[in-house]
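Join the two chains, each given in its own frame, into one complex according to the hints.
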Amino acid sequence: MGNTGSNPLGSDPGPGEEEVYSVSQLNKEARYLLEKQFGSIWVEGEVSNLHVSSAGHSYFTLKEEDSEIDAVMFAGDASGLDLELEDGKSVIARGTLTVYERRGRYQLRVREAREVGEGKLQKRFQELKKKLKQEGLFDEEVKQKLPAFPEAIGIITSPTGAAIRDIVSTMAERYKSVTGYVFPVKVQGEEAGEQIAEALKKANELKSELGLDVLIVSRGGGSLEDLWPFNEEVVARAIFASELPVVSGVGHEVDFTISDFVADVRVPTPTAAGKRVVPESSEITNKVDTLVKRLGNRVKAEIREREVELDRARSSYGFRYPLRKLEDMIQDYDELSEKLLDRGSEALGDRGDRLENLIERLSLANPTRLLRKGYSVTYGESGRVISDPKNVRTDESLKTVLHKGIIRSVVTETEVEDGE
Amino acid sequence: MVSEEEKIDVEENLEKLEGIVEELEGEDLELERSIELFEEGIELAEGIQEGLSAAEVRLKKVIEDSELDLKVEDFDI
Numbered sequence: 000m001g002n003t004g005s006n007p008l009g010s011d012p013g014p015g016e017e018e019v020y021s022v023s024q025l026n027k028e029a030r031y032l033l034e035k036q037f038g039s040i041w042v043e044g045e046v047s048n049l050h051v052s053s054a055g056h057s058y059f060t061l062k063e064e065d066s067e068i069d070a071v072m073f074a075g076d077a078s079g080l081d082l083e084l085e086d087g088k089s090v091i092a093r094g095t096l097t098v099y100e101r102r103g104r105y106q107l108r109v110r111e112a113r114e115v116g117e118g119k120l121q122k123r124f125q126e127l128k129k130k131l132k133q134e135g136l137f138d139e140e141v142k143q144k145l146p147a148f149p150e151a152i153g154i155i156t157s158p159t160g161a162a163i164r165d166i167v168s169t170m171a172e173r174y175k176s177v178t179g180y181v182f183p184v185k186v187q188g189e190e191a192g193e194q195i196a197e198a199l200k201k202a203n204e205l206k207s208e209l210g211l212d213v214l215i216v217s218r219g220g221g222s223l224e225d226l227w228p229f230n231e232e233v234v235a236r237a238i239f240a241s242e243l244p245v246v247s248g249v250g251h252e253v254d255f256t257i258s259d260f261v262a263d264v265r266v267p268t269p270t271a272a273g274k275r276v277v278p279e280s281s282e283i284t285n286k287v288d289t290l291v292k293r294l295g296n297r298v299k300a301e302i303r304e305r306e307v308e309l310d311r312a313r314s315s316y317g318f319r320y321p322l323r324k325l326e327d328m329i330q331d332y333d334e335l336s337e338k339l340l341d342r343g344s345e346a347l348g349d350r351g352d353r354l355e356n357l358i359e360r361l362s363l364a365n366p367t368r369l370l371r372k373g374y375s376v377t378y379g380e381s382g383r384v385i386s387d388p389k390n391v392r393t394d395e396s397l398k399t400v401l402h403k404g405i406i407r408s409v410v411t412e413t414e415v416e417d418g419e
Numbered sequence: 000m001v002s003e004e005e006k007i008d009v010e011e012n013l014e015k016l017e018g019i020v021e022e023l024e025g026e027d028l029e030l031e032r033s034i035e036l037f038e039e040g041i042e043l044a045e046g047i048q049e050g051l052s053a054a055e056v057r058l059k060k061v062i063e064d065s066e067l068d069l070k071v072e073d074f075d076i
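Going down the list, the sequences are from chains A and B. Residues in the first sequence are numbered from 0 upward in steps of one, following numbering that gives the first Met the number 0. Residues in the second sequence are numbered from 0 upward in steps of one, following numbering that gives the first Met the number 0.
Where hints are given, some of them may not hold.
[Stated by the list, open to error] With a straight-line cut-off of 27 Å between C-alpha atoms, the simulated DSS-like cross-links for lysine-lysine are:
1. LYS175(A) x LYS274(A)
2. LYS144(A) x LYS200(A)
3. LYS15(B) x LYS201(A)
4. LYS286(A) x LYS15(B)
5. LYS60(B) x LYS206(A)
6. LYS70(B) x LYS175(A)
7. LYS27(A) x LYS70(B)
8. LYS128(A) x LYS201(A)
9. LYS60(B) x LYS200(A)
10. LYS15(B) x LYS292(A)
11. LYS185(A) x LYS60(B)
12. LYS144(A) x LYS132(A)
13. LYS119(A) x LYS185(A)
14. LYS206(A) x LYS70(B)
15. LYS185(A) x LYS122(A)
16. LYS144(A) x LYS62(A)
17. LYS59(B) x LYS185(A)
18. LYS274(A) x LYS60(B)
19. LYS201(A) x LYS175(A)
20. LYS274(A) x LYS200(A)
21. LYS274(A) x LYS59(B)
22. LYS144(A) x LYS59(B)
23. LYS88(A) x LYS119(A)
24. LYS60(B) x LYS403(A)
25. LYS274(A) x LYS201(A)
26. LYS59(B) x LYS206(A)
27. LYS130(A) x LYS200(A)
28. LYS70(B) x LYS200(A)
29. LYS144(A) x LYS15(B)
30. LYS200(A) x LYS59(B)
31. LYS59(B) x LYS175(A)
32. LYS185(A) x LYS200(A)
33. LYS130(A) x LYS142(A)
34. LYS185(A) x LYS70(B)
35. LYS175(A) x LYS60(B)
36. LYS70(B) x LYS201(A)
37. LYS175(A) x LYS15(B)
38. LYS175(A) x LYS286(A)
39. LYS119(A) x LYS132(A)
40. LYS144(A) x LYS119(A)
Treat the hints as calculated values from the structure; they're not laboratory data.
Isolated chain B, as found in the complex (with noise of 0.2 Å):
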């Protein structure tokens, strides 16, 4: 019932990425540290870029089956 593929936090993506410029734009970093950080970065903005970038919204429909067992089905308007 529970989606298949793992699901990208954007949010959470989003506020690690803000982090990072943060730290990167502070005082006194040493290149192999900077690197990382936009290494780390590049990675967070692409994994956002990843998770806007689903073709369609899904859509799926909750129903009782006659048991009166909530199922789950694709379902399209």
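Next comes chain A alone, as it looks inside the complex (with noise of 0.2 Å):
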């Protein structure tokens, strides 16, 4: 034939020699080639054609503009997934490439998936977190000491969230003597972390003039990227710069924001925030109570130490003039047990009833009664009650008062009580 144009056969030859695959074979080699060559890799691309079979397991598609795969993930993997698998969500997947043999489709088998965006976060967050940390925003030295009995509080949030009422409610359990000054701001989104650096510069601005505190930086629970404004650099900046110390409650318990780090304290939640700022009443009010008791017991002793005294000088002397100061000062003491007893428990709640206790037991000791039963206090010249004979000499004039009225004497004698 002579003809060098292609024989049918010729550039084809056929089997002959080489070796005939089987499809099953083919397949299994196809997987073997495609698993060595890429081992496990990441993949990012848009999930859609998502369907869950009854057993768990996820078979979707990973696409892009004009490109797509096959992708599974067994629920064993699922189950420990972050992210819900969603049709038009973004994910970077990690998996094996591998081939399914039965139907000769090539897939990705996914162990696990993160949404996209987030591992750009991450790093922004680290690397803004290193910066500031190195710039000294951090540091312990320059944190400020939240005020122990604050009157007004400002609160940097959102007017509509949960973490507003977190906030107050917790605050109100503890304490109510306080104002809280609302500044509205959005706690996600595009412009809430200016809004937010705008509102701490605000209230700094308002700190006289409301009488401000300290300061609180909330929101509630979110995604990563829910809570970015409170990771970004400018709202860090205005929490350091700020006068006002500032409480910074972000997210739930595991979140940890750059505002976190700045601020002069970190709480976990928007509800420890509102606890961290205020004292709790029930504890002041114990330690007043206290410190009455003290006051009385003490008061009491005194009178209880004189009418000793009293007793041993006793006397038979007689009496004309009052002296009004010692009266009036009577006449003070239980005016002030009267008022206070007028109150009662009404005003004053349980420590009322205490108080009005206390007073009574108290009035039980009042000096006026002493005197009305005799018993009198005795001033020497310079005017210092006499509990002592040795403080008095010879020749002095003493001025005794009793009930109604005072008497005055020179002193001719003293006796001086062994034992003392």
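The following block contains the structure:
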């Protein structure tokens, strides 16, 4: 034929000597090659055609504009996933490239998946954290102490979120003598960071006008992206610049934001912020009760002491002139006791009952009562109460106050008791 | 804009009360002085109680009006 033209069989000599694969063999080898070649890889794409089987395995396609690949995630792997796979969600998936031999389709067997963007945010977070730390924004030495008894608290958060309700209701459970000034801001999205920073600045400007003592920046839980405004540099700088101490309570226990690191105090949640900024009223009340008791005990002891002294020194001097001062004092004391008794439990609550009790017991030891009983108080020339004969000299003029008047006398002789 | 009623400084009253109790528990006070201190202490204690007796946390909202001036309004959650 002398023809150099192609033999229809010439360039494709047919099976002849060469190996003939079976379909399953081919798929097996292709699978081996793909798995070996790619190993474990990351692939970014958008989830579509998601179908979850009754056994919990997820079948979907990962696609971009004009290309796609089948993917499968088995129930065991899917259960450990942080994010929910959804059609339209952009993810980065890690897995192995393999062939589903039964159908000869190659696919990605996904072991884990993350939302796109999260990785980038994490990176930005770490970079900013490192930078601000180096600049000293997180230093313990520059952190301010919170006031023990704030009167006005600036709360920078969304006026409609759960956070503001949690903060205020927790505060109110502990302590009510406080005013909360809400600075409404967005707490997620583009403008949020700027708004929060601006509110921090405003609150500081209004510090004396509103009498602010401390600020809270807060929001409830959400995704890393939701919490992002609290990771922005502008917010960090504004917290650092704040003259008022700042408490940061963002997200849940596990969430840490840049604002947590810069703030003077970091608390895990909005609720914890409300708790942290105010004292516990009942603790103060208990403290006051104890102090009042000590006060009362001491006065009672004083009066008892004098009772004993007076008892010893009691004599039968006559009397004529009232000593205004002591009587006034006693009257004041009586009035005060009555005043307190009048108010009683109504105004002072439980503490009132206890106070009432105390005052009743005190009034039993009231000096007026003692004088009425015939006791008296003797003053030396210096005006000091004489409780020891050693403190007077012979010929010193004394003044003795009785229930209805005073006696003036002169010392002729003293006797000191033994065993004092 | 500043709050209407005069505020009771709970912290200051508490410190004073502690001081008074200590003085009273010190040595050699005259009866007159003791009673004076007692009265003063009771008044401070009442003051603290009054300071703590607010019925509810007061809430205000700080906002900008149309002229971008700041104003304070009552706020409810």
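Structure-based check of all given hints:
1. Note on LYS175(A) and LYS274(A): the hinted pairing holds, with a Cα-Cα distance of about 12 Å set against a maximum of 27 Å.
2. Note on LYS144(A) and LYS200(A): the hinted pairing holds, with a Cα-Cα distance of about 19 Å set against a maximum of 27 Å.
3. For the proposed pair LYS15(B) and LYS201(A), the alpha carbon gap of about 35 Å is over 27 Å, so the pair is violated.
4. A threshold of 27 Å between alpha carbons decides the hint, and for LYS286(A) with LYS15(B) the separation of about 13 Å falls inside it, so the pair holds.
5. For the proposed pair LYS60(B) and LYS206(A), the alpha carbon gap of about 15 Å is at most 27 Å, so the pair holds.
6. Taken as a hint, the LYS70(B) and LYS175(A) pair is honoured in the structure, with Cα atoms around 23 Å apart against an allowance of 27 Å.
7. Annotation: proposed proximity of LYS27(A) to LYS70(B) is violated, straight-line Cα distance about 75 Å (limit 27 Å).
8. Note on LYS128(A) and LYS201(A): the hinted pairing holds, with a Cα-Cα distance of about 25 Å set against a maximum of 27 Å.
9. A distance of roughly 16 Å separates the Cα atoms of LYS60(B) and LYS200(A); the hinted pair therefore holds under the 27 Å criterion.
10. For the hint linking LYS15(B) to LYS292(A), the alpha-carbon distance of about 15 Å falls within 27 Å, and the restraint holds.
11. Restraint check for LYS185(A) and LYS60(B): satisfied, since their Cα atoms lie roughly 14 Å apart, inside the 27 Å limit.
12. At most 27 Å may separate the alpha-carbon atoms for a hinted pair to count; LYS144(A) and LYS132(A) meet this at roughly 20 Å.
13. A threshold of 27 Å between alpha carbons decides the hint, and for LYS119(A) with LYS185(A) the separation of about 23 Å falls inside it, so the pair holds.
14. For a cut-off of 27 Å, the pair hint linking LYS206(A) to LYS70(B) stands: about 14 Å separates their Cα positions.
15. Among the hinted pairs, LYS185(A) with LYS122(A) is consistent with the structure: their alpha-carbon atoms are about 24 Å apart, no more than 27 Å.
16. Pair hint LYS144(A) plus LYS62(A) does not hold up; C-alpha atoms about 53 Å apart against a cutoff of 27 Å.
17. In summary, the hint linking LYS59(B) to LYS185(A) is supported, as the alpha carbons are separated by about 17 Å, within the 27 Å threshold.
18. The hinted pair formed by LYS274(A) and LYS60(B) meets the criterion: a straight-line CA distance of about 20 Å does not exceed 27 Å.
19. Our distance criterion of 27 Å between C-alpha atoms is met by LYS201(A) and LYS175(A), whose separation comes to about 25 Å.
20. In summary, the hint linking LYS274(A) to LYS200(A) is supported, as the alpha carbons are separated by about 24 Å, within the 27 Å threshold.
21. Restraint check: the Cα-Cα separation between LYS274(A) and LYS59(B) comes to about 19 Å, which is no more than 27 Å; the hinted pair holds.
22. For a cut-off of 27 Å, the pair hint linking LYS144(A) to LYS59(B) stands: about 25 Å separates their Cα positions.
23. A threshold of 27 Å between alpha carbons decides the hint, and for LYS88(A) with LYS119(A) the separation of about 16 Å falls inside it, so the pair holds.
24. Distance check on the hinted pair: LYS60(B) and LYS403(A) sit about 62 Å apart at the alpha-carbon level, beyond 27 Å; violated.
25. This hinted pair checks out: LYS274(A) and LYS201(A) have alpha carbons roughly 24 Å apart, not beyond 27 Å.
26. Between LYS59(B) and LYS206(A), the direct Cα distance comes to roughly 15 Å. Compliance with the 27 Å bound is thereby established for this hinted pair.
27. At most 27 Å may separate the alpha-carbon atoms for a hinted pair to count; LYS130(A) and LYS200(A) meet this at roughly 22 Å.
28. Proposed proximity of LYS70(B) and LYS200(A) is supported: the alpha carbons are some 15 Å apart, at most 27 Å.
29. The straight-line distance between the Cα atoms of LYS144(A) and LYS15(B) is roughly 22 Å, inside the 27 Å bound, and the hint therefore holds.
30. For the proposed pair LYS200(A) and LYS59(B), the alpha carbon gap of about 18 Å is at most 27 Å, so the pair holds.
31. For the hint pairing LYS59(B) with LYS175(A), the CA-to-CA distance comes to about 14 Å; that is within 27 Å, so the pair holds.
32. Pair hint LYS185(A) plus LYS200(A) holds up; C-alpha atoms about 15 Å apart against a cutoff of 27 Å.
33. Using a Cα cut-off of 27 Å, the hinted pair LYS130(A) and LYS142(A) holds, with the two alpha carbons roughly 18 Å apart.
34. Only pairs whose Cα atoms come within 27 Å are accepted, and LYS185(A) paired with LYS70(B) is accepted, the gap being roughly 19 Å.
35. Using a Cα cut-off of 27 Å, the hinted pair LYS175(A) and LYS60(B) holds, with the two alpha carbons roughly 17 Å apart.
36. Between LYS70(B) and LYS201(A) the alpha-carbon distance is near 12 Å, which keeps this suggested pair within the 27 Å criterion.
37. Pair hint LYS175(A) plus LYS15(B) holds up; C-alpha atoms about 22 Å apart against a cutoff of 27 Å.
38. Restraint check for LYS175(A) and LYS286(A): the C-alpha separation of about 17 Å stays at or below 27 Å, so the hint holds.
39. Between LYS119(A) and LYS132(A) the CA atoms are separated by roughly 20 Å; this keeps the pair inside 27 Å, and the hint holds.
40. At roughly 35 Å between alpha-carbon atoms, LYS144(A) and LYS119(A) are farther apart than 27 Å, so this suggested pair is violated.
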